[in-house]
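Enquirer: Residue strings, one per chain:
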Amino acid sequence: MKRTTRTCNHSGFFQWYFFLSLFFFVPISFVAAQSKFTISGTIEDASSGEGLIGATVFVKELGTGATSNVYGFYSLTVPEGDYTLEYSFVGYEPIIKSISLRNDQSISVELEPASTQLEEVVVSADPEDSNVRSTQMSVNKLDMREVSAIPVIFGEKDIVKTIQLLPGIKSSEGGGGFFVRGGSADQNLILLDEAPVYNASHLLGFFSVFNSDAIKDLTIYKGHIPAEYGGRASSVLDIKMKEGNNKKFAAQGGIGLISSRATIEAPIVKDKGSFVVSGRRTYVDMFLKLSNNEDLNNSTLYFYDLNAKANYRLGDKDRVFVSGYFGRDNFGFNDQFGFDWGNATATARWNHLFNDKLFLNTTAVFSDYNYDVEIMAEEEDGEMNGFKVMSAIRDISLKEDFEYYISPENTLRFGISGIRHNFLPGEIVPQGDSYINAQELQRKYAWETAAYVSEDLNVSPSLNVNAGLRYSWFAQVGPGEIFTYDEDGDIVDAQSYKSGEIVKSYGGLEPRLGITYLLNETTSLKASYGRNRQYLHLVSNSNAGTPIDLWIPSSNNVKPQIADQIALGYFRNFNDNSYEGSVEVYYKDMQNQVDYKTGAELVFNENVESQLLFGKGWSYGAEFFLRKNKGDLTGWISYTLSKTERQFDGVDYGEVYPASWDRPHDFSIVGIYQLNRKWNLSASFVYRSGDAVTYPVGKYESKGEVINLYEKRNNSRLPDYHRLDLGATMKLKNNERFESDLNFSIYNAYARKNAFLVNFRESREDPTKTEAVKFSLFSILPSITYNFRFK
Amino acid sequence: MKSYIYLALIAVLSLFSCEEVIDISLEDAEPRIVIEGIVTDQPGPYTVTISKSVGFYEDNDFPGVEGAYVEISDDMGNIDVLEDLGNGEYQTTSIQGQRGVNYTIKVKVEGETYMAESQMQETQVAIDSLSIRYEEESLFYKEGYYFRAYFEDPPGLGNYYSFNVYVNGEVYVFDFDGELIEDDNFWLWDDKFTDGNIQDYDFPHTLEEGDELYVELRHLDRSTYDYYRTLVEVIDGGGVAPSNPLSNFGDTALGYFAAFSVTSTEGEVE
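Which chain is which? The protein sequence lines are F and R, in order. For the first sequence, numbering that gives the first Met the number 0 gives the first residue as 0, with consecutive numbering after it. For the second sequence, numbering that gives the first Met the number 0 gives the first residue as 0, with consecutive numbering after it.
If you are wondering where the hints come from, they were derived from the structure by calculation, not from laboratory data. Treat the hints loosely; a few may be bogus.
Stated by the list, open to error - Footprint (simulated), chain R over chain F, 3 or more residues, beta carbon under 8 Å:
(1) 38-50
(2) 430-441
Unchecked claim - If we take Cβ atoms under 7 Å as the criterion, some of the chain R residues that face chain F in the derived model are:
(3) V33
(4) L245
(5) V268
Claimed, not checked - Straight-line alpha carbon distances no greater than 16 Å define the calculated EDC-like cross-link-like pairs of lysine to aspartate or glutamate that follow:
(6) K677(F) with D740(F)
(7) K96(F) with D128(F)
(8) K191(R) with E439(F)
(9) K596(F) with D58(R)
(10) K768(F) with D22(R)
(11) K773(F) with E19(R)
(12) K316(F) with D270(F)
(13) K711(F) with D27(R)
(14) K191(R) with E426(F)
(15) K629(F) with D128(F)
(16) K615(F) with D648(F)
(17) K702(F) with D225(R)
(18) K711(F) with E26(R)
(19) K702(F) with D22(R)
(20) K387(F) with E373(F)
(21) K702(F) with D60(R)
(22) K711(F) with E29(R)
(23) K51(R) with E704(F)
(24) K773(F) with E18(R)
(25) K773(F) with D235(R)
(26) K702(F) with D182(R)
(27) K247(F) with D270(F)
(28) K596(F) with E26(R)
(29) K711(F) with D127(R)
(30) K773(F) with D22(R)
(31) K752(F) with E19(R)
(32) K752(F) with E18(R)
(33) K51(R) with D250(R)
(34) K768(F) with D58(R)
(35) K51(R) with E700(F)
(36) K596(F) with D225(R)
(37) K191(R) with E600(F)
(38) K702(F) with E181(R)
(39) K711(F) with E654(F)
(40) K768(F) with D74(R)
A virtual CB, placed ideally from N, CA and C, is assigned to each residue, including glycine.
With the rest of the complex left out, here is chain F (with noise of 0.2 Å):
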């Protein structure tokens, strides 16, 4: 019995250790007793220095190879030899190398931009087969030159309104929300420069906050999110802002219909460092100054965004990276009311080669949204009065980063983070002689922490595996008045807490899986599983998003969102890697999501936590995909069918419902023409199914009103949402020196009248009867955009 035990054990401590090495340790010990050398080094862009991601450097005797990261690094360690290297990305010119490996090197390439002229035209922003050969599913990239050739509305090009586009992202008009398989628009973690931007829209959601020409790549992850990264349920969009021209000085810039763009770029020293800045303003109120009209002259109605970065090399073993993000709106009517809104990010990184393996990056962050409202009266004495209404979210965090590169079959990430969350829900000030009194919401204070590790692990050259473990620790703080509810939302209990006391903690395992298996060189299968938790929470009366939503920590009333998902997927790219195709479906189980009770007080309520409802939800889907990468037409097919629902107790008596951003079908078309040297043309079609919504059973009266009668939370859908955009970009001059271009852009081509609500009302026509009316936003809608470069 006693040695049947043992034995046991025993078997049991090798199963871990067999686990635990073939993840994370193994290789590590039999790669050092042989004698292995490493070439490690950067992969840039020769026209700016700019780092390239995901380039790829190909040892042709072995077959085997390595990846540029975010930063542009790369290191491959391989048996001494002599070999031929071939450096490449798509768009450039690729270089080979012969070397011969007798010990470490460090070799730095840059990369000339391919001549784009006519022969091909090539977009992904990938190698041609890494969305077959990588472990990663369910991701998107888009690079920034196909973003600038789709059409969009008002010409203002966007990154937002772009990803809305490909398979599994859905997007609402008139807002700046994207609903992700089936998540809320809160469980997206959109990151620019690794700051979390909490709000992204500007002007009430038409535009984003992110200026296309600040930005050098995206990615956004729907499922299987690398462990690096966690905090938000159901997907994270991952920005990066150029770094700057290290070569010589740029200039680009755009006139447009509604706002104008300017960016500039220059080395600091001659290829260790540059910057870039770059500002974009909107002027729809310079039109209104032109009014006759008193009020409208005295009118704002504007936005800007402010991007800056500059990097500078310390030496061959160090980087640093220091950028941020400025952008605000602003609206008034003359000096009676005032809102105004915006985000700052600020980010400085620190890029640490310990050695041709090891690669640390630290990162500190801060990111702040806010809001101002001002509203003002004036008294019969002439004096103004009136009231001040803010609030804001702050965060303070620290990373830290590693990457081990073990061998070309073998890459470990690791790294740990903390991150200071103060909240401030909202303030009054009385301005003037109010009878408003001053008053301010408690504050809250959380801290969110995280482990992780990650592999990335060639088993045999058909079967690549990523493993990941998040472990994710998240604490609501004192100082504060902490209160429990009853069902009624009535306080039954308070409880001060001093300043750093724990109120309330949770924590957990996020592990993360992908698996891809090879079947030949064109085709693979993935299956990928991603648990991710989430701890903070948008409350907002609109699913669309508006700027006075508000994000609250999970405390003791409020628990954290979690999301376990499981994907599989077929890819198989065709004809040389000029089309890339793929099929996946998924399931989604989301816990602890958070919908709000009838008639719920979410706008400056202390006790905002009361008004809320818990439940769950679930999204199951097909997403198919097809996408031309070479040749003078390019572009992509996306068709999504799927299905989100969710269920409350405090919703229809636990029934289960449709959530409102469930779309059965979800179809976009987009095609890219450069039809000669002169001109490109493109177009984008999408056509979904209608947001579920609530429609009225019948109706009564009740104090003199006729009142719509509503039963079924979501019991119907709007009219399908169909749309053509076009675009033609006109070059007007293209030297070595300066570059220009006209381009026209054409949204909602044929004018279809999409329905943006259905309102329910007593009829202009005949008082006795009810009617059902569409309101529509934006009919046909041209725009002409004047773009130039000095390069």
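Got chain F sorted already, so can you dock chain R onto it with the hints?
Expert: Chain R in isolation, oriented as in the chain F frame:
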């Protein structure tokens, strides 16, 4: 504040939006009972109405429910069985509303019993005065006279109010660029941001010289205020997830039962 932001939003959207009456098919629910009853501190009798809901595309004609047993009682032991006047109207015979008293309504109709209660607030909050001023044409005002009502909120949170406005003895009709909309008299107020202060409430009614004003202030309990507040949300479209207003009948009957005190004042544009 919410409504200002809403206004700003609407202002921007209206630059680009268009509206169109459409024909969509809607399900019809089973007719539901609607009960509305009010007790005030003014002399009775008080009226309770019982009606039924109809399909959305039917006429705005809501059948009264006759033959119900309707009873209003208070926490001092008074019980009043209401007289059926026909056409869904029922009238009290003896009970007299009094501040500080809790009232209960009980309705038995078509085999179901419906109950609700409401507390008439003890403190009387009287409307103090009106002020009238002239405004030039601007973004916020049409040219004309406007009025403001004053009253003093007692210290302590949890006071809820509504106003009823009558101009020249009639319900006012707003003219939005030719579109005539009757004042629904949902002028709601609570002391959440102005507790214990002299309140001034601005009304948007455009008046002319010689107009006579009659303004009533009602001091409501929370359940009545919540009903009115959520009723207004339904009238305004209901937002993302429209639902029926919060009623003190719970989910059983539609409508509400309210006990409140009333004060009034008059004014004239000179």
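Enquirer: State for each hint whether it applies.
Expert: Okay, the hints, checked on the actual structure:
| no. | hint | in the structure |
| --- | --- | --- |
| 1 | 38-50 | violated (count 0) |
| 2 | 430-441 | holds (count 4) |
| 3 | V33 | holds, 5 Å |
| 4 | L245 | holds, 5 Å |
| 5 | V268 | violated, 15 Å |
| 6 | K677(F) with D740(F) | holds, 9 Å |
| 7 | K96(F) with D128(F) | violated, 22 Å |
| 8 | K191(R) with E439(F) | holds, 12 Å |
| 9 | K596(F) with D58(R) | violated, 32 Å |
| 10 | K768(F) with D22(R) | holds, 13 Å |
| 11 | K773(F) with E19(R) | holds, 5 Å |
| 12 | K316(F) with D270(F) | holds, 15 Å |
| 13 | K711(F) with D27(R) | holds, 12 Å |
| 14 | K191(R) with E426(F) | holds, 13 Å |
| 15 | K629(F) with D128(F) | holds, 13 Å |
| 16 | K615(F) with D648(F) | holds, 9 Å |
| 17 | K702(F) with D225(R) | holds, 14 Å |
| 18 | K711(F) with E26(R) | holds, 11 Å |
| 19 | K702(F) with D22(R) | violated, 28 Å |
| 20 | K387(F) with E373(F) | holds, 4 Å |
| 21 | K702(F) with D60(R) | holds, 14 Å |
| 22 | K711(F) with E29(R) | holds, 13 Å |
| 23 | K51(R) with E704(F) | holds, 14 Å |
| 24 | K773(F) with E18(R) | holds, 6 Å |
| 25 | K773(F) with D235(R) | holds, 14 Å |
| 26 | K702(F) with D182(R) | holds, 12 Å |
| 27 | K247(F) with D270(F) | holds, 9 Å |
| 28 | K596(F) with E26(R) | violated, 24 Å |
| 29 | K711(F) with D127(R) | violated, 45 Å |
| 30 | K773(F) with D22(R) | holds, 9 Å |
| 31 | K752(F) with E19(R) | holds, 9 Å |
| 32 | K752(F) with E18(R) | holds, 9 Å |
| 33 | K51(R) with D250(R) | holds, 15 Å |
| 34 | K768(F) with D58(R) | holds, 5 Å |
| 35 | K51(R) with E700(F) | holds, 8 Å |
| 36 | K596(F) with D225(R) | holds, 13 Å |
| 37 | K191(R) with E600(F) | holds, 12 Å |
| 38 | K702(F) with E181(R) | holds, 13 Å |
| 39 | K711(F) with E654(F) | holds, 9 Å |
| 40 | K768(F) with D74(R) | violated, 42 Å |
Of the hints listed earlier, those the structure fails to meet are numbers 1, 5, 7, 9, 19, 28, 29 and 40, in rising order.
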